[in-house]
Amino acid sequence: MSTILSIKNLRKQYEDGFEALKTISLDINEGEIIALLGPNGAGKTTLISTVCGITKPTAGTVTVAGFDIIKEYRSARSLIGLVPQEIALEPFGRVISTVQFSRGLFGKSRNDAVIEDILRRLSLWDKRNSQIRELSGGMKRRVLIAKALAHEPRILFLDEPTAGVDVELRKDMWAVVRKLRADGVTTILTTHYIEEAEAIADRIGIISEGEILLVEEKNNLMARMGQKQLEVQLTARLSDIPISLANYELGIADEGWTLIYRYDLKADRTGITKLLTDVSAAGLQLRDVVTRQSSLEDIFVSLVRKDVEKVT
Amino acid sequence: MNWTAIWAIYTFEMARFFRTIKQSLISPVISTSLYFVVFGAAIGSRIDKVEGVQYGAFIVPGLIMLAVMTQSISNASYGIYFPKFIGTIYEVLSAPISFLEIVIGYVGAAATKSLLIGIIILITSFFFVKIEIAHPFAMVAFLVLTCISFALLGFIIGIWAENWEQLQLVPLLVITPLIFLGGSFYSISMLPSVWQIISMFNPVFYLISGFRWAFFGFADVPIAISLLAIGTFTLLCLATVWWIFKSGWRIRQ
Ligand SMILES: Nc1ncnc2c1ncn2[C@@H]1O[C@H](COP(=O)(O)OP(=O)(O)OP(=O)(O)O)[C@@H](O)[C@H]1O
Ligand SMILES: [Mg+2]
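From first to last, the protein sequence lines stand for chains A and B.
Residues in the first sequence are numbered from 1 upward in steps of one, following the working numbering.
Residues in the second sequence are numbered from 313 upward in steps of one, following the working numbering.
Only chain A is shown next, with the shape it has when bound in the complex:
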């Protein structure tokens, strides 16, 4: 796996003195989908804007396929497509002409076949001759994506691409992103929908207060941090945990109808078999057994909260 985007010690201080990025380093692999998660004001948009040339870095270097974003900005930027967080479109332009404009702006000669393919993929072909102002919010967002793809970039930045997009369309968009990955396009997306990151990302980065707290393979992250819990529902209500089960550090839920057992996925032995044997040995009857895995959301919340505690 080769690195296509390399961010080294990137710092960004706005003119008012606010330090939005505190020395960030991050390498992004060619062809991956990486999701950046972080609370409002974490610096996600600032990071993207700085890489794309919309704001100037205060310190540090960024290279795109080996091209420095300042010294070799033409080569670097021509590889990047950007979908901004805010919808920004000329209201009176037509869909197809604004998308063609984007291609020209990035120095590529006109290619109707490419534009048609992009518009079809984003289900915009039927709307190609509509004025932007006649489109719904979700359609406008797709127009922004079409514009970002118009010059066939190798890296795509999606800053909250599915904000305000309905569930079905969101899944369509995920399909578009997966298809792009199949074509070798690297995608960096930010999102507040954790299930979105869970659904499409290969890697997840968590950013808070201008710092990257962690970057990890999604599956590793889930496995490493993911705790599982086993809920044992009983046929009779329990007021105390039997002494014979004391070692399991069980919790009681549902006013005594359920026992909770927490175990780690990475442990060799989960201890479930032994627990269940001991439970019936203690004379308890099982009604049902349920397991639950902590989601990325839980992980995210606990990480960011820890970070806040650390700072305060």
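Note that these hints are calculated values from the structure, not bench results.
The C-beta atom is built at its ideal place from N, Cα and C for all residues, glycine as well.
Hints should not be assumed to be uniformly reliable.
Each computed DSBU-like pair below joins lysine-lysine, with the alpha-carbon atoms no more than 35 Å apart [as the list claims (entries may be wrong)]:
| id | chain 1 | residue 1 | chain 2 | residue 2 |
| --- | --- | --- | --- | --- |
| 1 | B | Lys396 | A | Lys171 |
| 2 | A | Lys140 | A | Lys228 |
| 3 | B | Lys334 | A | Lys127 |
| 4 | B | Lys334 | A | Lys108 |
| 5 | B | Lys361 | A | Lys108 |
| 6 | A | Lys108 | A | Lys179 |
| 7 | B | Lys334 | A | Lys71 |
| 8 | A | Lys71 | B | Lys396 |
| 9 | A | Lys228 | A | Lys218 |
| 10 | B | Lys334 | A | Lys8 |
| 11 | A | Lys71 | A | Lys22 |
Which bits of chain B does chain A cover? Going by a derived footprint, with three or more residues having C-beta under 8 Å, they are [stated by the list, open to error]:
| id | segment |
| --- | --- |
| 12 | 313-319 |
| 13 | 326-332 |
| 14 | 402-408 |
| 15 | 547-560 |
Model the placement of chain B with the ligands on the given structure of chain A, informed by the hints.
Frame of chain A; chain B with the ligands shown alone:
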């Protein structure tokens, strides 16, 4: 030079102009006609010829300059302010193009629009007065240079402006008076001497004088000085644009 990108900006801007082609062209034609009716016919009939030229014809160069200067400024300032305002500037900033290419695209489009309007006004004036243009090439060159330099000024105003009021204030408070007091409708020899001296500090005065020379072969100041004035003005605008580019002032934080 990324000519594809420049062309993309240029045609996109021109498309906006052609979407509203009727308003874009009809309003200058109507206002010019009104000027002819009021100044040319109503007042002009009571004014002597100016240096052998009928008053109605005498005001033609000034009228064209008036329109071209205000149009250049408003087109160019609006052209760059609008993307800043609605946020579409992000795309231009993230594109693999230099600031120079951005300027050529936007300023070129704004200058083209005002040039078209200038030509339309000239054609309109043929319906009202009889004009012979003494130096047609110089006339065209002067017209083009004025369109470009004032579009550059408009571009700077559009970058500088942080709200709609500012966008309108500078043209209204500074440019329009300079244009009206620059001798659009009179020769400064008609003014009291104090005002003649004050006019010498108005850069627009040199442009109108030079343009009038291209039409009639006479002017308030020698043509060389007019050329020097517009040259200096253009260079000042270019220098400012270059500084904006270097510092990223008000566009790249
Ligand atoms: N132009 C600016 N000038 C000064 N401060 C800014 C500017 N833009 C952003 N900031 C500040 O930088 C911080 C990071 O903002 P940024 O937009 O990058 O956050 P984000 O992670 O994208 O948040 P969100 O999830 O809400 O989009 C915020 O505190 C914000 O107020
Ligand atoms: Mg953001």
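Each hint tested on the structure:
As the CA atoms of Lys396 (chain B) and Lys171 (chain A) are separated by approximately 32 Å, the hinted pair is consistent with the 35 Å bound. With a C-alpha separation of about 41 Å, the suggested pairing of Lys140 (chain A) with Lys228 (chain A) is violated against the 35 Å cut-off. Between Lys334 (chain B) and Lys127 (chain A), the direct Cα distance comes to roughly 27 Å. Compliance with the 35 Å bound is thereby established for this hinted pair. Pair hint Lys334 (chain B) plus Lys108 (chain A) holds up; C-alpha atoms about 32 Å apart against a cutoff of 35 Å.
The hinted pair formed by Lys361 (chain B) and Lys108 (chain A) fails the criterion: a straight-line CA distance of about 58 Å is larger than 35 Å. Of the supplied pair hints, the one linking Lys108 (chain A) and Lys179 (chain A) holds, its CA atoms being roughly 22 Å apart against a limit of 35 Å. Under the criterion of a C-alpha separation no larger than 35 Å, the hint pairing Lys334 (chain B) with Lys71 (chain A) is inconsistent with the structure, at around 45 Å. In summary, the hint linking Lys71 (chain A) to Lys396 (chain B) is supported, as the alpha carbons are separated by about 25 Å, within the 35 Å threshold.
In summary, the hint linking Lys228 (chain A) to Lys218 (chain A) is supported, as the alpha carbons are separated by about 16 Å, within the 35 Å threshold. Using a Cα cut-off of 35 Å, the hinted pair Lys334 (chain B) and Lys8 (chain A) is violated, with the two alpha carbons roughly 53 Å apart. With a CA separation close to 22 Å, the supplied pair Lys71 (chain A) and Lys22 (chain A) stays within the 35 Å bound. A count of 4 residues in the segment 313-319 of chain B with a Cβ less than 8 Å from any Cβ of chain A is obtained; the coverage claim is therefore met, three being the minimum.
Counting residues of the segment 326-332 of chain B whose beta carbon lies closer than 8 Å to any beta carbon of chain A gives 3, which meets the minimum of three for the stated coverage. For the segment 402-408 of chain B, the stated coverage by chain A is satisfied: 7 residues place a CB nearer than 8 Å to a CB of that chain, which reaches the threshold of 3. Under a criterion of three residues with beta carbons nearer than 8 Å to beta carbons of chain A, the stated coverage of the segment 547-560 of chain B fails, only 1 such residues being counted.
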